[in-house]
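> Position one of the sequence shown corresponds to residue 1 (the UniProt record's numbering), numbered consecutively onward.
None of these hints come from the bench; they were simulated from the model.
Incorrect hints may appear among the rest.
[As the list claims (entries may be wrong)] With a Cα cut of at most 25 Å, we get these calculated DMTMM-like pairs of lysine to aspartate or glutamate:
#1 K112 to E90
#2 K10 to E79
#3 K103 to E79
#4 K10 to E75
#5 K61 to D9
#6 K112 to E101
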Amino acid sequence: MDLLTQLQDKLDHLFLVFGTCIGVLQRDAPPSSFSEVMNNQPPQLTQEQLTNADNWNSQTKHMALQVIETTKLIESIIESLPGFQRTENEQYQRLKALNHESKLLQQQLQDKENENDLFVDQSPKQVNPLTTNQST
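Make the full structure from the sequences, and use the hints.
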């Protein structure tokens, strides 16, 4: 799999993780009262709510780790892309050289195709005298 495809796959995965995280945050966030936040009062929680809060904390840590790991993979793929360490001008010069090489190879291919076409056109002319000489 080429690097751009890997990069796209990891970006798609990151977007999926973000979407899932947002959905989980909306669904499972513990309720809070605006007045408690404004007065800096800790909420009065039951044992079940404390257990849910612990689960919530571990869930959010796990989701954050997923985002971090995926982001690190994306960064490593980007850094391994060819030309990442080159300046814009160096990349432009490289593209010009590759374009020139491509044109030369295209011309060589066209010359070979023309040569083959000529060979195919001449083949019946060269075979006919041989067949007529053998029949006499």
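> Decide, hint by hint, whether the structure agrees.
Evaluated hints:
no., hint, verdict
1, K112 to E90, "violated, 33 Å"
2, K10 to E79, "holds, 14 Å"
3, K103 to E79, "violated, 30 Å"
4, K10 to E75, "holds, 10 Å"
5, K61 to D9, "holds, 23 Å"
6, K112 to E101, "holds, 17 Å"
In this structure, the hints that do not hold are numbers 1, 3, in rising order.
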